[in-house]
Each structure stands twice: as structure tokens, then as C-alpha cells.
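Asker: For reference, the chains in residue letters:
Protein chains: 2
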Amino acid sequence: MNLKEEELSSQEIFRGNIVDLDVHTIELPNGQTATREVVAHRPFAAVIAINEQKEMLLVEQWREPVKQLTLEIPAGIIDPTDASPLDAMKRELNEEGGYRADYWEEICQFYTSPGFTNELGHIFYCDTLTKLEEKRSLDEDEFLNAKWYSLEELKGLMAEGKILDGKTVYAITVWENVLLAGAKETHNG
Amino acid sequence: MNLKEEELSSQEIFRGNIVDLDVHTIELPNGQTATREVVAHRPFAAVIAINEQKEMLLVEQWREPVKQLTLEIPAGIIDPTDASPLDAMKRELNEEGGYRADYWEEICQFYTSPGFTNELGHIFYCDTLTKLEEKRSLDEDEFLNAKWYSLEELKGLMAEGKILDGKTVYAITVWENVLLAGAKETHNG
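Here the protein sequences line up with chains A and B, keeping their order.
Its first residue numbered 1, the first sequence is counted upward by one per residue in the UniProt record's numbering.
Its first residue numbered 1, the second sequence is counted upward by one per residue in the UniProt record's numbering.
These are computed hints drawn from the structure, not numbers from a lab.
None of the values given here were measured: they were computed from a predicted structure.
From the three backbone atoms N, C-alpha and C, an ideal C-beta is built for every residue, glycine too.
Zero decoy hints are in this set.
Examples of chain A residues lying across from chain B (beta carbon under 10 Å, computed):
hint, residue
1, E5
2, V19
3, V23
4, H41
5, P65
6, C108
7, Y111
8, G121
9, G161
10, D165
11, E176
Pulled out of the complex, with its shape left as it was, chain A reads as follows (with noise of 0.2 Å):
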């Protein structure tokens, strides 16, 4: 079955400073029309840090859209003036955490939500920091919080519901399932 849809024409909602929102019309593989609601986002780039005593660094912060505080692994939108995904992320683990790594490896991209939106995360695994004397300043409207987490630690924070962002969720399952089960060959593992 052919399942391409085609872009009839599109109704500009909203331009902001983190997403725009447009309504596609579409034509369906079956020829009628029908409308798709479709919000831009800048990429971001993420990263699983772990340090030498086998933590995890994890960034608090509160997150509007869901009114809580939440434990997130540290992430940013990928600026038009990063040369990469990965300088992206040097550039927010420095900022978020105040470090610098010198092991990186990419795990994985994917869409974080495709029905809705185009945003896309590239995930990094990093290891071998140093913590930074001088670290370069949050954005002016960021508060955040960095700690370190052991993986028991984690795992009781995953079984009390604490961990609620899904790129977290992944980081801890591959980094105790995959990196650390040795399934995946690493330069220290």
C-alpha cells in the first residue's frame, strides 16, 4: 500500500522562540484531504557522562509544560552557530555541568515524538571529565541544578517514578543494559 501523503498547503500559526506551529493540509493516500497539526523544534544534543566512579550526571531543573521539577541528562537545543551536534554538546555539558570530556562516542538519533513533531536528539555517551575552573554561564532565564547518580541509585529513582523524561529513561537502559553489561565495546570497557 502506498502511504505517502502530500502536502497541499500550509497555514502559519505561530513563530516563537522554541517552536512554530503549522497546520498542513494533506492529501491521503486514498485522495481526500485532511489536516496535520505540525510543531517545529530546533535539534538537541544529549549526553550520558559518566565519571570515574561510575555515576551518572544528571541535570534538575523545572520543566513548565509539566509543572514539575524533573532529573534530566544533560541537553540542549543545537544552535545555528555549533559546528556539530557533538560541539553542541561540549558546549552544554560546560554550561549544564561544568565539564569537559575526553572520550565522546554517539549512541543514537532519533525523533522524539514524529506524530507531532520534527524535533530530533542526537544521544552521546561520554567519559574521562574534568571538572572546568571557570565554566562558561547558563542562559540568562536556565536554573539547573548537576548531581551524580550511581546506577543504584538510579535504579530506585526509575522504581519510585522519579525519572519522567523519556531520553533519561533510554540513557539509564542502555547505560545498565548496554555500556555497562559490556554488550557494547567501549575504549575503557
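Given the structure of chain A, go ahead and fit chain B onto it with the hints provided.
Answerer: This is chain B only, laid out in the frame that chain A set:
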């Protein structure tokens, strides 16, 4: 550090079929104000469905926000008429795949991208599937192909970058490294 942000006011931008958009003006922890663009989206249920041949069910469909066909685990928005996320999932598995399953467990819940949306996903696992003679109809603007994939096929698709959807990357990772690896006990082993 206190990280809580207080909503001072909210401006309604859009009320749609799938998403609503509002811009909240909030008070930052330092007393200054900022805006947050908030996309409201109903929660969804999705399922890691495994058949007797140890294959996973994926649905292929056009995703307008990313302008391509994707392969995703069966999923659907939870309707107000669904008694529970699990009930919604059973309905979707019928509609999208034409299957009923006898064994179910909930794997986890997560927000897909809490920085800009409250969309919450409930991820289930099921097996012991029966093909239904009469499957429920899809929504009238929904077109998809449902197919079964072995783990080897899924790993090939992942390596080729053909699994683009976050919940599906997570589902394959969990199936391969947790469920199949036996780290998590299931009724059948």
C-alpha cells in the same frame, strides 16, 4: 537552589485536534520573568508486541512533521472513553495490527520532551497474540502497514538509521538487552 518557576499568566495561541499551544509568562527563581511555549498533547500508549516466532510488530506510516515514512511500535492517543492506558493499548493493537494479546505488562512511562510538551507515553509489553478475524477500523485519516521483524532485522534497520522514532529505539533496546537478555523476568521466561 530553589528551581521552581511560578506561572504568572498564560496566553492562548491555538486549540487544535492534536495539540494546543499556550505561551506562559513565568517568574524565574531570581524574580525575573520569562516566557515558556507549552504544547499540550494527550497521553499515548505504545507496545512492544512479540509473537511466537520472537518477532516484534512495527507499523509503517507517513509522518508529516518529518516528511517521511517511519517504522514505529504500535501506538495511539488515549481517548477520554478509554478506561485506562492499557485499555487504549488493547484497542490500538486491534486497530493497527488486528491482534489480541493474552499477556501484558507495563514497562514504563515517560514524557517525550518535557521542555516544550506534556505528552506522556505509557509503554507496554505483550505476547501470546491471536490474529483477529474481524479487526476494528483505523481512524479515517490513518493509513499504515503492520509487519513483524526479527531481532536481526531490527538490528539491521537500526544500523542503517531506519528506526527514527524515539519510543521504537527504546523498545528495541529494551527487548534486546533487558527482556531477551532475561534481566527482567517475564511469565515465559
